[in-house]
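Following the hints, complete the assembly by docking chain B onto the known chain A.
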Amino acid sequence: MNKQIRHLGIFLTICYLALFVKLNQVQVFGADELNNHPENARVIQREYNRPRGVITSADGALLAQSVHVEGKSFDRQRTYPEADLFGQVTGYYSFVYGATGVEKTYDDELAGATFQQQLNGIADMFVDKENVGNVQLTLRKDLQVAARDALGPREGSIVALDPRTGEILAFWSYPSYDPNLLSDLDTDATKINWDALNAAPGKPLQAHQYQERYFPGSTFKVVTSGVGLQSGKVTPDDPVYPSAQKYLPPQTTRPIFNFGGETCGGALFEILAVSCNSAFAKMGTETIGPAAMIDGAQAFGFNSRPPIDLPAPAASSFPTDFTDNLPILAQSSIGQNEVQATPLQMALVAAGVANKGVIMKPHVLSQITDSEGRVVKKYEPEQWLQPMSAPAAATLREAMKGVVTKGTGVPAQVPGVEVAGKTGTAQLGDGKKVHTWMVAFAGPPGGDPEVAVSVVVLNQPASNEFTGGQVAGPIAAKMMKATLDARRADSGTPIVVPPTTRAPSVSGAGNGTGAGAGTGAGDGATPPSTPTTRRNDAAVPTTSSITTVPAGPPGTTH
Amino acid sequence: MAAPRRNTELGLLLLVVLITGGAYALAVLGKDSEIPANIGPFLGFVLGLLLVAHIVVRRLAPNADATLLPLAGLLNGLGYVVIARINERLAWQQAAWTAFGIALFCITLLVVKRARDLSNYRWTFALLGIILLLVPLAPGIGREYRSGSRIWVSFGSMSFQPGEFAKIALALFFASYLVEKRELLGMSSRRVGPVNLPDPKHMAPVLLAWATTLIVMFYEKDLGSALLFFALFIAMLWIATQRGTFLAVGVTLFAIGAYFAYKAFAHVQTRVAIWIDPWKDAKGDGYQIVEAAFAMASGGIGGTGLGLSGKIGIPEAESDFIFAIIAEELGLLGSLLVLVAFLLIVGAGLRIAVRSTHAFDKLLAAGLTTLLGIQAFIIIGGVTRLLPLTGVTLPFVSYGGSSLVANYVLLALLLRISDDSAVSSASSAARSGPRSKVPQPAGSSS
Numbered sequence: 001m002n003k004q005i006r007h008l009g010i011f012l013t014i015c016y017l018a019l020f021v022k023l024n025q026v027q028v029f030g031a032d033e034l035n036n037h038p039e040n041a042r043v044i045q046r047e048y049n050r051p052r053g054v055i056t057s058a059d060g061a062l063l064a065q066s067v068h069v070e071g072k073s074f075d076r077q078r079t080y081p082e083a084d085l086f087g088q089v090t091g092y093y094s095f096v097y098g099a100t101g102v103e104k105t106y107d108d109e110l111a112g113a114t115f116q117q118q119l120n121g122i123a124d125m126f127v128d129k130e131n132v133g134n135v136q137l138t139l140r141k142d143l144q145v146a147a148r149d150a151l152g153p154r155e156g157s158i159v160a161l162d163p164r165t166g167e168i169l170a171f172w173s174y175p176s177y178d179p180n181l182l183s184d185l186d187t188d189a190t191k192i193n194w195d196a197l198n199a200a201p202g203k204p205l206q207a208h209q210y211q212e213r214y215f216p217g218s219t220f221k222v223v224t225s226g227v228g229l230q231s232g233k234v235t236p237d238d239p240v241y242p243s244a245q246k247y248l249p250p251q252t253t254r255p256i257f258n259f260g261g262e263t264c265g266g267a268l269f270e271i272l273a274v275s276c277n278s279a280f281a282k283m284g285t286e287t288i289g290p291a292a293m294i295d296g297a298q299a300f301g302f303n304s305r306p307p308i309d310l311p312a313p314a315a316s317s318f319p320t321d322f323t324d325n326l327p328i329l330a331q332s333s334i335g336q337n338e339v340q341a342t343p344l345q346m347a348l349v350a351a352g353v354a355n356k357g358v359i360m361k362p363h364v365l366s367q368i369t370d371s372e373g374r375v376v377k378k379y380e381p382e383q384w385l386q387p388m389s390a391p392a393a394a395t396l397r398e399a400m401k402g403v404v405t406k407g408t409g410v411p412a413q414v415p416g417v418e419v420a421g422k423t424g425t426a427q428l429g430d431g432k433k434v435h436t437w438m439v440a441f442a443g444p445p446g447g448d449p450e451v452a453v454s455v456v457v458l459n460q461p462a463s464n465e466f467t468g469g470q471v472a473g474p475i476a477a478k479m480m481k482a483t484l485d486a487r488r489a490d491s492g493t494p495i496v497v498p499p500t501t502r503a504p505s506v507s508g509a510g511n512g513t514g515a516g517a518g519t520g521a522g523d524g525a526t527p528p529s530t531p532t533t534r535r536n537d538a539a540v541p542t543t544s545s546i547t548t549v550p551a552g553p554p555g556t557t558h
Numbered sequence: 001m002a003a004p005r006r007n008t009e010l011g012l013l014l015l016v017v018l019i020t021g022g023a024y025a026l027a028v029l030g031k032d033s034e035i036p037a038n039i040g041p042f043l044g045f046v047l048g049l050l051l052v053a054h055i056v057v058r059r060l061a062p063n064a065d066a067t068l069l070p071l072a073g074l075l076n077g078l079g080y081v082v083i084a085r086i087n088e089r090l091a092w093q094q095a096a097w098t099a100f101g102i103a104l105f106c107i108t109l110l111v112v113k114r115a116r117d118l119s120n121y122r123w124t125f126a127l128l129g130i131i132l133l134l135v136p137l138a139p140g141i142g143r144e145y146r147s148g149s150r151i152w153v154s155f156g157s158m159s160f161q162p163g164e165f166a167k168i169a170l171a172l173f174f175a176s177y178l179v180e181k182r183e184l185l186g187m188s189s190r191r192v193g194p195v196n197l198p199d200p201k202h203m204a205p206v207l208l209a210w211a212t213t214l215i216v217m218f219y220e221k222d223l224g225s226a227l228l229f230f231a232l233f234i235a236m237l238w239i240a241t242q243r244g245t246f247l248a249v250g251v252t253l254f255a256i257g258a259y260f261a262y263k264a265f266a267h268v269q270t271r272v273a274i275w276i277d278p279w280k281d282a283k284g285d286g287y288q289i290v291e292a293a294f295a296m297a298s299g300g301i302g303g304t305g306l307g308l309s310g311k312i313g314i315p316e317a318e319s320d321f322i323f324a325i326i327a328e329e330l331g332l333l334g335s336l337l338v339l340v341a342f343l344l345i346v347g348a349g350l351r352i353a354v355r356s357t358h359a360f361d362k363l364l365a366a367g368l369t370t371l372l373g374i375q376a377f378i379i380i381g382g383v384t385r386l387l388p389l390t391g392v393t394l395p396f397v398s399y400g401g402s403s404l405v406a407n408y409v410l411l412a413l414l415l416r417i418s419d420d421s422a423v424s425s426a427s428s429a430a431r432s433g434p435r436s437k438v439p440q441p442a443g444s445s446s
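Chains as they are written, first to last, in the working numbering: chain A, 1 to 558; chain B, 1 to 446.
Chain A extracted, bound-state conformation:
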């Protein structure tokens, strides 16, 4: 009988060997397929039941947290106390629709799943502590509120960042959405909300500030100027563009007109201050040329996705081939036709000029802490691009100051603060509507700029009252003032208001550049009938560092 018993043993061993192989197949080799099976809710379930860290703003506001719930299909529900104020930044965290925004980019950190956190977690295994990461953002609630209030119920975006570090301070688009609507545990309710949000006008689920692109209009002249200065082909004194009403590019019979049919020309500072289309179109097409323009625009970040730590940033675009297409180049040089930019990109352009020619990587993360407040990870500022050398950037900065002190950007002035910027009024399609832009940066007089902003208000009527300077300028001013005030409040130093000197007065009539014709739209300026803008305010100082701006004789267009 022993022989049979031994054979039985071998048979049973083979049976168990088969089980061993099958187990390996199910748990190891075939596991991925099973885990990703559409009917498999386990993996997602476990993820959604894990403890998750909070998201806070730089000034301590609670933006997202997981609260315990009873009697529902999960233990925790993600709630967003600030509702739609930070909706597009935090994103949502939904069982059905996944995650976006910070919830997605920093998903591992929030769940405590990064290697570093797991490692740290081992030491705390027997302590009653949740191993999660708390994400602190660079954005400030007070500035986000300022942005929301400044823009009001108008479609548009506001980006405010610190050019020295790339920290994003305010990041707002209207309309926004409330992530609570999608993070509810009731899947029927979230489905209704999802459908409603997707159908809502203005596409609130999209974070327009960095995911949507628009014609930048004349704000792109900053890039054109920057490319020109960097290449050496443009200097403050040379070339001097002829006074003209329009510019006819090669290879076409359709000229590009100046805004409102006005005549303008001159050297760099003049043409930037009044936003002269004819001069810049000529600069891009003839002075700089296609190859250098393409390289230059790309050096400013066009055709690349900004390395922001949020999901799916859009790349702003600049055409890459102008063979036999110089008219397109002419229009692209003034930010129309085929140039598309996100509000973030234009803010980065301004930041680059402000930061001595270096564009820092934009980021929303400040640091990640564990549940005891110890810092686990900090975002160290890093350079992204360097489109200009420091001297070239300094020159451009002076030119942009001129835009605000005596040009189209006067509504963006802030008392006691050195502001530089550029306005833009991008004409859409049939000419009935425009996007109004303002990009600017500001800092203490004589010091380094501390904030760069980009504001776009969409779909404004095309008329003299609704230009970039008039619509977006005041918003930019509010943002810059709010940022600098907040900074001062934090550090306790008062704003320094240097003694006032009168700015050279500008006559009302000579200031106008009328409505543009053709596909190009110049930059609007305030109409003569409203002398309420700050440039008539005697308290507005000019800083003594503007020495290169030629003081225009009365009647010169600005």
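Since the hints were made in silico from the structure, they are not lab data.
Glycine included, every Cβ here is placed at the ideal spot set by N, Cα and C.
A portion of the hints provided could be inaccurate.
To be verified - Examples of chain A residues toward chain B, derived with CB under 7 Å:
#	residue
1	M1
2	I10
3	I14
4	Y16
5	F29
6	P38
7	R42
8	R305
9	P307
Claimed, not checked - Stretches of chain B that chain A covers, calculated by requiring three or more beta carbons in the stretch to come under 8 Å of a beta carbon on chain A:
#	region
10	12-22
11	94-107
What the hints assert, rightly or not - DSSO-like cross-link-like pairs, simulated, lysine-lysine; straight-line CA separation at most 27 Å:
#	chain 1	residue 1	chain 2	residue 2
12	A	K203	A	K432
13	A	K377	A	K104
14	A	K246	A	K361
15	A	K432	A	K246
16	A	K478	A	K433
17	A	K3	B	K181
18	A	K191	B	K283
19	B	K283	B	K221
20	B	K280	A	K22
21	B	K263	B	K280
22	B	K221	A	K72
23	B	K283	A	K22
Chain B only, in chain A's frame:
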């Protein structure tokens, strides 16, 4: 000679207590994020039970194999920890049944002084076995199970499965009968086709008993037990007669039977359908298998961690599908641990069978080991989709008082046989005296 084995056993048991205690702590930690408050009493309880069993073995079967009890304890403890995580009320019951099982283990060791004494009661066991199988069919006290199988008996709030004990009774009957008749069965007196078959009159009783049990099991829709039983009978017949023919005939009969069962019974067809592709009816019939597969896959190699497998449960997680939960929470490492434990039990059991000196002991040990080994194989195979799913429990691990208690009785019998064979080989070594060059007369051998 007793001391080393029992000491080994004691050491292994202490290890088992530590592992179980650790697993329990981790499970509660995983589920409630805190060390369980009752870890002290719990460890005390486990240690107490196993120590009692150990002391009884030390006194009543001191030469028995040292690994069986610790292995059973490990499986029992692991199963208990998982059940506690799933459902606290059931855990209490399982703990009570464990205590009862250990008690019966001790009583069995006490009552059965020599295993082969049991062979005198063969017809009693046969009758007992069949009655136990038939009881669930009785109106009133029988209870139909959810899947349509009728194998339960309940008195008030208590319920148990007599079938689990029937298997042991019938194994005893088979062992006894086959040992006596094996010579006769081994001889061929007829030829049927290419096969030599023994005289039917010798085969008749055992065939009758076997056929009856199979019919009853089919009627009760307890296909897993039917399969198990069939395997038991064929294995014991083959071992007893040492004729491969029986093996071949048996397998053929099984194939034929399985085919007819498939054709005749709708629920067999369902089982086979969800074995081949459970995703066709993933929300309905296939739900258990599908969720088990997902659970095991999400466990991966290291497992999700005790207590951390999330809220999606598997129906019958505490009984038939407990293996899937272990595989999920402890990963491949955990599931292999269980597999290896059963393999070691099979190995120890068969080793006991080989070392036994009496034919009855050999056959019984082999049969009991086959019961344990094949049952574990059937259910693990069903859960992992190696085989179609059948409703048998995972011995020692699954929730289920009858199965647990019956298996402890089975264990006691194995240890009794082991002790017997160790004693008799020791005494035969003593009798044959010191070796000398002169060959001793034949009477010195056992």
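We went through each hint and held it up to the structure:
1. Using the Cβ-Cβ criterion of 7 Å, the hint placing A:M1 at the interface with chain B is satisfied: the shortest such distance is roughly 5 Å.
2. Given hint, A:I10 at the interface with chain B, is violated; its Cβ is 10 Å from that chain's nearest Cβ, farther than 7 Å.
3. Because the closest C-beta pair between A:I14 and chain B is about 10 Å apart, greater than 7 Å, the hint is violated.
4. The interface hint given for A:Y16 is met, as the beta carbon of that residue sits about 5 Å from the closest beta carbon of chain B, less than 7 Å.
5. A hinted interface residue such as A:F29 counts as satisfied when its beta carbon comes closer than 7 Å to some beta carbon of chain B; here the least separation is about 10 Å, so the hint is violated.
6. Restraint check, A:P38 versus chain B: the minimum CB separation of about 10 Å is more than 7 Å; hint violated.
7. With a least beta-carbon distance of about 5 Å to chain B, the hint placing A:R42 at the interface is held under the 7 Å criterion.
8. The interface hint given for A:R305 is violated, since its Cβ lies 34 Å from the closest Cβ of chain B, which is over the 7 Å cut-off.
9. Nearest Cβ of chain B to the Cβ of A:P307: about 33 Å, over the 7 Å cut. The hint is violated.
10. For the region 12-22 of chain B, the assignment as covered by chain A is violated, since 0 residues bring a beta-carbon within under 8 Å of that chain's beta-carbons and 3 are needed.
11. Closer than 8 Å: that is the beta-carbon criterion, and the region 94-107 of chain B has 0 residues meeting it against chain A, so the requirement of 3 is violated.
12. This hinted pair checks out: A:K203 and A:K432 have alpha carbons roughly 22 Å apart, not beyond 27 Å.
13. For the proposed pair A:K377 and A:K104, the alpha carbon gap of about 17 Å is at most 27 Å, so the pair holds.
14. With a C-alpha separation of about 38 Å, the suggested pair A:K246 and A:K361 falls outside the 27 Å cut-off, and the hint is violated.
15. Between A:K432 and A:K246 the CA atoms are separated by roughly 21 Å; this keeps the pair inside 27 Å, and the hint holds.
16. The straight-line distance between the Cα atoms of A:K478 and A:K433 is roughly 25 Å, inside the 27 Å bound, and the hint therefore holds.
17. In summary, the hint linking A:K3 to B:K181 is supported, as the alpha carbons are separated by about 19 Å, within the 27 Å threshold.
18. Taken as a hint, the A:K191 and B:K283 pair is honoured in the structure, with Cα atoms around 22 Å apart against an allowance of 27 Å.
19. For the suggested pair B:K283 and B:K221, the alpha carbons sit about 23 Å apart, so the restraint of at most 27 Å is met.
20. A hinted pair counts as satisfied when its Cα atoms are at most 27 Å apart, and B:K280 with A:K22 qualifies at roughly 21 Å.
21. Proximity of B:K263 to B:K280 is assessed by CA-CA distance (about 20 Å); at most 27 Å being required, the pair is judged to hold.
22. At most 27 Å may separate the alpha-carbon atoms for a hinted pair to count; B:K221 and A:K72 exceed this at roughly 38 Å.
23. Restraint check: the Cα-Cα separation between B:K283 and A:K22 comes to about 24 Å, which is no more than 27 Å; the hinted pair holds.
This entry does not satisfy hints 2, 3, 5, 6, 8, 9, 10, 11, 14 and 22, going by the numbered hints stated previously.
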